[in-house]
Amino acid sequence: MGRFLLKRFLSLAITLIVATVIIFIMIEIVPGDPAAYMMGLSGSTEATEALRAELGLNLDPWERYFSWVGGMITGDFGISYTYRIPVSELILERTLVSVPLTVYALILSTLIAVPVGVISASFRGRFADTALMGIAQVGVAVPNFWFAILLVLLFSTSLGLFSAGGFPGWEAGFFECLKALTLPAISLALPQAAILSRVMRSSVLEVMNEDYIRTARAKGLSKRQALIRHGLRNAMIPVLTILGLQFSFLLAGGIIIESIFSLPGLGRLVFQSIAQRDLIVVQSIVTLLVFAVVMITFIVDLLYAWVDPRLREGG
Amino acid sequence: MKKLWLSIILFWVGCLYAVAQQNTIRVGLQLEPPNLDPTSGAAAAIDEVVYGNIFEGLVRINENGGIEPGLALFWNISTDGRSYVFHLPEGVKFHDGTDFTAEDVRFSFNRARAAGSSNAKKYIFAPITNIDVLDPLTVMITLDQARPDFLFNIGLGDAVIVAEESVSSNASHPVGTGPFKFDRWVRGDRIELSRNEDYWGTAPRLNRAIFKIITDPLSAYTALKAGDIDTFPNYPAPENLFLFDQDPDYEVVVGLTAGETILATNNKNAPLNNLNVRKAIAHAINRDELINGAMFGNAAPIGTHFAPNHPDYVDLTGLYPYDLGKAREYLRDAGLPNGFDVSLKLPPPTYARRTGELVANQLGRIGIRVKIENLEWAQWIDQVLRNKNYDLTVVSHVEPMDINIYANPDYYFRYDNADFQKIISDIDKSTDAAVTSELYKQAQRKIAEDAVNGYLYQLGKYGVWKRGVKGMWANYPIRSNDLRDVYIEGDG
Numbered sequence: 001m002g003r004f005l006l007k008r009f010l011s012l013a014i015t016l017i018v019a020t021v022i023i024f025i026m027i028e029i030v031p032g033d034p035a036a037y038m039m040g041l042s043g044s045t046e047a048t049e050a051l052r053a054e055l056g057l058n059l060d061p062w063e064r065y066f067s068w069v070g071g072m073i074t075g076d077f078g079i080s081y082t083y084r085i086p087v088s089e090l091i092l093e094r095t096l097v098s099v100p101l102t103v104y105a106l107i108l109s110t111l112i113a114v115p116v117g118v119i120s121a122s123f124r125g126r127f128a129d130t131a132l133m134g135i136a137q138v139g140v141a142v143p144n145f146w147f148a149i150l151l152v153l154l155f156s157t158s159l160g161l162f163s164a165g166g167f168p169g170w171e172a173g174f175f176e177c178l179k180a181l182t183l184p185a186i187s188l189a190l191p192q193a194a195i196l197s198r199v200m201r202s203s204v205l206e207v208m209n210e211d212y213i214r215t216a217r218a219k220g221l222s223k224r225q226a227l228i229r230h231g232l233r234n235a236m237i238p239v240l241t242i243l244g245l246q247f248s249f250l251l252a253g254g255i256i257i258e259s260i261f262s263l264p265g266l267g268r269l270v271f272q273s274i275a276q277r278d279l280i281v282v283q284s285i286v287t288l289l290v291f292a293v294v295m296i297t298f299i300v301d302l303l304y305a306w307v308d309p310r311l312r313e314g315g
Numbered sequence: 316m317k318k319l320w321l322s323i324i325l326f327w328v329g330c331l332y333a334v335a336q337q338n339t340i341r342v343g344l345q346l347e348p349p350n351l352d353p354t355s356g357a358a359a360a361i362d363e364v365v366y367g368n369i370f371e372g373l374v375r376i377n378e379n380g381g382i383e384p385g386l387a388l389f390w391n392i393s394t395d396g397r398s399y400v401f402h403l404p405e406g407v408k409f410h411d412g413t414d415f416t417a418e419d420v421r422f423s424f425n426r427a428r429a430a431g432s433s434n435a436k437k438y439i440f441a442p443i444t445n446i447d448v449l450d451p452l453t454v455m456i457t458l459d460q461a462r463p464d465f466l467f468n469i470g471l472g473d474a475v476i477v478a479e480e481s482v483s484s485n486a487s488h489p490v491g492t493g494p495f496k497f498d499r500w501v502r503g504d505r506i507e508l509s510r511n512e513d514y515w516g517t518a519p520r521l522n523r524a525i526f527k528i529i530t531d532p533l534s535a536y537t538a539l540k541a542g543d544i545d546t547f548p549n550y551p552a553p554e555n556l557f558l559f560d561q562d563p564d565y566e567v568v569v570g571l572t573a574g575e576t577i578l579a580t581n582n583k584n585a586p587l588n589n590l591n592v593r594k595a596i597a598h599a600i601n602r603d604e605l606i607n608g609a610m611f612g613n614a615a616p617i618g619t620h621f622a623p624n625h626p627d628y629v630d631l632t633g634l635y636p637y638d639l640g641k642a643r644e645y646l647r648d649a650g651l652p653n654g655f656d657v658s659l660k661l662p663p664p665t666y667a668r669r670t671g672e673l674v675a676n677q678l679g680r681i682g683i684r685v686k687i688e689n690l691e692w693a694q695w696i697d698q699v700l701r702n703k704n705y706d707l708t709v710v711s712h713v714e715p716m717d718i719n720i721y722a723n724p725d726y727y728f729r730y731d732n733a734d735f736q737k738i739i740s741d742i743d744k745s746t747d748a749a750v751t752s753e754l755y756k757q758a759q760r761k762i763a764e765d766a767v768n769g770y771l772y773q774l775g776k777y778g779v780w781k782r783g784v785k786g787m788w789a790n791y792p793i794r795s796n797d798l799r800d801v802y803i804e805g806d807g
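Protein chains in written order, with the working numbering: chain A, 1 to 315; chain B, 316 to 807.
Next comes chain A alone, as it looks inside the complex (with noise of 0.2 Å):
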């Protein structure tokens, strides 16, 4: 286990490194001035280059990379351009409605998908399984910003029960965004449900046709009772590895839910300062994200040794 651990740190630390150089050098490649960008169609080229110095572009890249790295290395994100207030100031306010408007779609989706999933494969074949795999096949399909809005109409403009979009900030109170995270995250959550409910099912399926099974039911016990204890804890091996890997993909690839309900995640975030090229809050979330994906697969990689013990011995 010590061994498998180091062996996990030293190619999570030689990605981050690589990471930074290459977002590096394309945010250095992308043509377009944050200094310019900020001045309009009116600022004079003598305006613009004052702004450059107050912000510190005019320095050489290569000192503006070591510094950037050094700060981050100390927890100092330097300054953005175009808000002037610290970068880890802005991206730690984003993470607050990211991350859990991500473990909440992840949850609403596991509890959706994994009975979906076990009722399917119990009655596969039948009207149930076809009925409900029907169903995710068109969550599959339908892209989630209509469902977004779909919801939106119904339960913000007809019902009124949910206004349409907006973060009160935790400090209003943990039920209050809660309910402000509750649409989106179901938007979020329901092709993601779609995807793992159909991944689970077929999971299922496998295990149920593996040796132990039938040994566990020659031993006498019922098919629910041998899914139940020996079945559903190998069956999560592959729900685990898609886990992850929505993690991570709705960490980042909120963007059009958070525009839809005009949510101040860090999607939002990277494509507004992609756009204003405030490439100091750019580089510094696409290398937090990088840094979260490769943590996210260590800790399903854990997670499988724990399910699975048989992979503890081999790491």
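What the hints contain is simulated information worked out from the structure, not anything from laboratory work.
On a predicted model such as this, the values are computed, not experimentally measured, just so you know.
Ideal placement from N, C-alpha and C gives every residue a C-beta, glycine not left out.
Careful: at least some of the hints might be erroneous.
Straight-line Cα separation of at most 35 Å, DSBU-like style, residue types lysine-lysine; simulated pairs [unchecked claim]:
id	chain 1	residue 1	chain 2	residue 2
1	B	LYS737	B	LYS781
2	B	LYS756	B	LYS781
3	B	LYS641	B	LYS437
4	B	LYS686	A	LYS179
5	B	LYS641	B	LYS781
6	A	LYS179	B	LYS781
Okay, the calculated bits of chain B under chain A, using three or more residues with CB under 8 Å as the criterion [unchecked claim]:
id	segment
7	356-368
8	435-442
9	452-466
10	502-516
11	609-615
12	691-703
13	707-714
Based on the hints, put chain B in the right spot on chain A.
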């Protein structure tokens, strides 16, 4: 019985909630301001929040583009038009409690015109030769020569009065003298202002103002319909305005902006450097089709670079009317009977993309083959504005009274005409209002005759508000949502 108690409790909770919400206006904004300091950078979104609300200038530009007293109660202009004496009100305090005096005026203007200042409109302050504080409530500003547009210019957001004590933090915590003070900014979500109880002028009727950032045009619709916001002063989706028009709970007010939407043309690139080619383009443009197709009928056609609601505006839309025969003739005169290839670089706003596609189609009718390239703003600024690496583009020039940009040969139109430059320098020197007005008319004719750019339409301002919201600006002479006179009928 239980039910009765419950409903009584709910009733009172509801009342308390209503009182807390009373006299609060929630205003939708499409673009979040990058910071809240209007004296650095040029984002229009900054003025949409702070102008007239948090910060005030010596004079104030009103809803119709007129000049009103602001932090200067009145002023005297010397007969040669070079010196202005501004008289300031007594007892004015900034939101942090420091006094506002003539020293603050001197500080603000000196800061804006200093070397290394990042004020986007530094040129406003360039003519100033002296700023003399005559006494704490009187300040005299001397210019190099008479400048008829000086008063209007110091009414812009770039010339608001800031205090030396608080200027460094204005970007994140603005401190001004206005009727509202800054409360907080939840970045990406909203900016909250509340009434300045110590305001020196007439107190505003609203208790609070919340600017909600709603980027997505469809979400602007749902947020209004769901009652999340009370008004969207610059509604981003003209295509569904009619839904509010039909709804008795909402009011739609279509006003004007200072945004001349033009088919900007690189006057140095062949064959666009040929007047006949530009005339051919002008004759090929069908403004009605553009306004109906791209703006759903809500915009006013223009024939030159001037706001149609300005008293000096000359209607030149008939100079080169839509006439494909004439357009083809001009192309033949230019030696290009079979047309030519040209690129059209479009910035991201919806109006630009929609208009650009229609323009490309219209030019295609006379054989001009247009290749559309969609750019992000940062790319557009880099390629078009800065490096002038373009043939045609569609963009709205939202700065008020900006016809003088045509006098700068380095501006991205690359229009270099001595006669026009003379007209603008005469305007700068003129002290006689009638002469100035005549010169402005000449300037409009000159650029229209030279077909420097294709002049399309004046961008409209589509204000939507709940019925009962009163006092919102109908027009955008400058990008401001001045809330001092706004109130909500039925709320206190």
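Taking the hints in turn, this is what the structure says about them:
1. B:LYS737 - B:LYS781: Status violated; Cα separation ~49 Å.
2. B:LYS756 - B:LYS781: Violated: LYS756 of chain B and LYS781 of chain B sit about 40 Å apart, past 35 Å.
3. B:LYS641 - B:LYS437: Judged against 35 Å, a Cα distance of about 44 Å means the pair is violated.
4. B:LYS686 - A:LYS179: Violated, at about 47 Å.
5. B:LYS641 - B:LYS781: 48 Å, violated
6. A:LYS179 - B:LYS781: Since the Cα atoms of LYS179 of chain A and LYS781 of chain B sit roughly 25 Å apart, the hinted pair holds (cutoff 35 Å).
7. 356-368: Coverage by chain A holds here, the residue count being 4 at a Cβ distance below 8 Å.
8. 435-442: holds (count 4)
9. 452-466: With 0 residues in contact (Cβ-Cβ under 8 Å with chain A), the coverage given for the segment 452-466 of chain B is violated.
10. 502-516: Since 4 is at least three, the answer is holds.
11. 609-615: Answer violated; 0 residues pass the 8 Å Cβ test.
12. 691-703: Answer holds; 9 residues pass the 8 Å Cβ test.
13. 707-714: That given contact holds, which follows from 4 residues of the segment 707-714 of chain B lying within Cβ reach (below 8 Å) of chain A.
When each numbered hint is compared with the structure, violations occur for hints 1, 2, 3, 4, 5, 9, 11.
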